[in-house]
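Trainee: Chain order of the listed sequences is Z and W. Going by the working numbering, the first sequence opens with residue 1, and the numbers climb by one from there. Going by the working numbering, the second sequence opens with residue 1001, and the numbers climb by one from there.
Hints are computed from structural coordinates only; laboratory data are not their basis. Note that beta-carbon positions come from the ideal geometry of N, C-alpha and C, so glycine has one too. Some clues are possibly wrong.
Said to hold, decoys possible - Cut-off 27 Å, straight-line C-alpha distance, at most; resulting in silico cross-link-like pairs (DSSO-like, lysine-lysine):
| hint | chain 1 | residue 1 | chain 2 | residue 2 |
| --- | --- | --- | --- | --- |
| 1 | W | Lys1013 | W | Lys1294 |
| 2 | W | Lys1270 | W | Lys1249 |
| 3 | W | Lys1468 | W | Lys1495 |
| 4 | W | Lys1129 | Z | Lys228 |
| 5 | W | Lys1334 | W | Lys1391 |
| 6 | W | Lys1113 | W | Lys1334 |
| 7 | W | Lys1334 | W | Lys1129 |
| 8 | Z | Lys232 | W | Lys1129 |
| 9 | W | Lys1113 | Z | Lys232 |
| 10 | Z | Lys228 | W | Lys1373 |
| 11 | W | Lys1024 | W | Lys1013 |
| 12 | W | Lys1461 | W | Lys1498 |
To be verified - Covered stretches of chain W, as calculated for chain Z (at least 3 residues, CB under 8 Å):
| hint | segment |
| --- | --- |
| 13 | 1060-1072 |
| 14 | 1116-1129 |
| 15 | 1523-1533 |
What the hints assert, rightly or not - Here are a few chain Z residues that sit away from chain W, every Cβ distance over 12 Å (derived from the structure):
| hint | residue |
| --- | --- |
| 16 | Gly59 |
| 17 | Ile111 |
| 18 | Gly163 |
| 19 | His182 |
| 20 | Met218 |
| 21 | Ala251 |
| 22 | Ile291 |
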Amino acid sequence: MGGVLTIVLKRLGLGLFTLFIISVLIFGAVELLPGDIAEAVLGQGATKENVQAMREALGLDKAAPVRYFEWLAGAVTGNFGVSLISQSPVTEVIAPRFANTLFLASYAAVIAVPIAILLGVVVALFRDTLFDRVANVLTLTSISSPEFFLGYVLILYLGVKTGMFPSIATLNDNMTFLELLHRTFLPALTMVLVVVAHMMRMTRASIIALLASPYIEMARLKGTPGWKVIVKHALPNAWAPIINVVALNLAYLITGVVLVEVVFVYPGIGQLLVDAVTKRDFPVVQACCLIFAATFILLNLAADVGAILTNPRLRHPK
Amino acid sequence: MTGKKKDVLLDIKDLRIEGYSDEKWIEIVHGVDLTLHRGEVMGLIGESGAGKSTIGLAAMGFARDGCRISGGSIEFDGMELTTTSEADRRALRGARIAYVAQSAAASFNPAHKLIDQHTEAPVHYRMRKRLESQEDAMELYERLRLPNPRDIGFRYPHQVSGGQLQRAMTAMAMACRPDLIIFDEPTTALDVTTQIEVLAAIRDIVDQFNTAAIYITHDLAVVAQMADVIKVLLKGDEVEEADTETMLKSPKEDYTKSLWAVRSFQREQKSRPTGDAVPVVSVQEIDASYGPTKVLDNVSFDVYAGMTVAVVGESGSGKSTTARVITGLLPPDKGKILMNGEEMPPSYKQRSKEELRKAQMIYQMADTALNPKVRICDIIGRPAQFYGGLKGGALKSRVDELLDLIELEPSQYYSRFPPELSGGQKQRIGIARALAADPTFIICDEVTSALDQLVAEGILKLLDRLQKELNLAYMFITHDLATVRSIADEVVVMKQGKVVEQGPKDVMFTPPHHPYTDLLLSSVPEMDPNWLTTLLEERGVDNVGEAADV
């Protein structure tokens, strides 16, 4: 297992390096936003003195590289600065929103991942039958519809017409866990519909790719029933690509949910980011982007480790 | 009913099988009959495309994807497999009819331990509890003379050697004590020394349990050791069937006789030029390694113009690595390569076009060595253009000339694609591509081992003719000693990266040998049906495994 640990450490190091590059890009992108930040924050009625004072308060009079390293030094110690809008520390602004996003993503993932893999196995077993085709058409339809459209369709049928679930997913502090699940069901379902197809089709494809291997034929010639051939003989060898796609989709659940949050008025990090961009709250923008980048890197690292752990050649060296 | 009728285990009549290709069903087995009695071993032999495996699988009521059983009857112990339900057929597989595949390394699931794969069928059929079945597996491993029989099952397939895997697979086939086992080329992928262990193990266990078997192979000498009865197949038709003794001594059909005759091709041995002739290639004290692993240790030999040096040894002995060093694909750690007396730069990147032109290669798998999307004229034309600078009409006539040389009609093959050709034709294109550079030295890396014997013989004859006409020097990498006998002038025996012995062929094939050469030579199966028995007695039956580790 020593080998696995070295690989993980190497990837972690590479991940940190990537994160550093991304931080430069994010900082540069924010710099490129048109207009003066102080003016944008203060509005049109601000006097020159006010703007100047604001610039100094924000440190905008310093050169960009100096500001970048000051920001980086803060970020490394967990201090992302102060939000320009609320004047509270960025971490305090982001933390509850990020927690909400993580909650919604986990909710969707807990439903989507098992369904996708199970469905993938089942369609692999019944490949080229009517069931396979119907499942393919349905999942492809759901993946090709924009999230906001899916969201509105769900609101119309499950929210407005039947009244089974609330259309708006606002939260408050004294909700029970069950209420929380009920309240956020529609956004979670929307996201499930968006990600299931990708994972299911990868599961199906990686299993079917293995069905021509000699060990699958051997399993059949031992009299192993069809479902067991798939579950016991094909699936354990198909994990690596499946895990990678699952990780990619999990990352999407965290970083790609802006539209869903807007449709359902859900107080997640996506909405926060959009607000912050329009209001030029650049410390918040930078912190959000960095969190998204770190999420991607960590989930991909997890996928690599998962792929290694499911490969018997790496798990049990000679 | 007579007692004899009761004895029949498998009765196949007028079996027809179709394969799907080019959007239609084409018959590939045309009405074959096969009768097998309890405890009997039948050898099915023939070239690729003869339908051996297809018939073997049909005996289990199984057809591969893209194949279907289209006619005839398959009666196994009174049960008609063509009409019974798939569930009933499946219930026979693993339980009463078992299968041993060609490559155990590919046919064991890499994700599970050997013993878990072994116990799967008996547990599924509720014949044994898991632990009982494990206990039984260990006992079978011991009978098959696997090392550490109590522990080896708890390993994963990649942790066990090829020969051991093949025996573990035979043990797995025995797990439910079937009435019939289909052995589908079980030793083809193994070295000769390993092959003996597996053959001996299979023969013993089939004897001990009085299991009937269908033994599929293209190797006549192997089938002679294993089978009571031999059936010869050609393109989905039966040629003839007889008991082993009769078949070997007096085959009736011409096709069978031609199979028997293959091994007789032998060209006259040439000896080194006298005087101060400079070798075309001189390998001098080469050490080489892949990363930290040393794979060649002080390898030296010379190849003279017009002569063939065969480099033999088991897999992993460093034969192909030597070729990689000569061509500059793997720069050596130490030593040098001389061509016509001039030292070559170690890496191909530093060699000039002229230096590269002199040494060309022909590969084992013509299938993968030719780009399937490129026309024959471009495959052969490319080196002629690159090294010879030919263009337009000159290039076309050079390609035509080369196609003539390899005995393929230029007008017919000029603009075809590799997938339209047979295996032997593809290998000829590989030869033409090497010749296109106008080399003085050609490395032939197992060029005949993927081919049927008759086709292989054609390739050997062609190479021999080209050598005479063009005064080429060959380095022939092979593990097949029959090929060595037929074409080599000198032999280099390699083991674990070292040259253990080298010399002229006649000397090498005459005792006394180096012990390793002796082991290699004596391990090549011979047509004599008693060869294996005699050999095992000489070596002492209980240490076949050890004999191979000398």
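Trainee: Honestly, which of those hints from before does the structure not fit?
Mentor: 1, 2, 3, 5, 6, 7, 10, 12, 15 and 20
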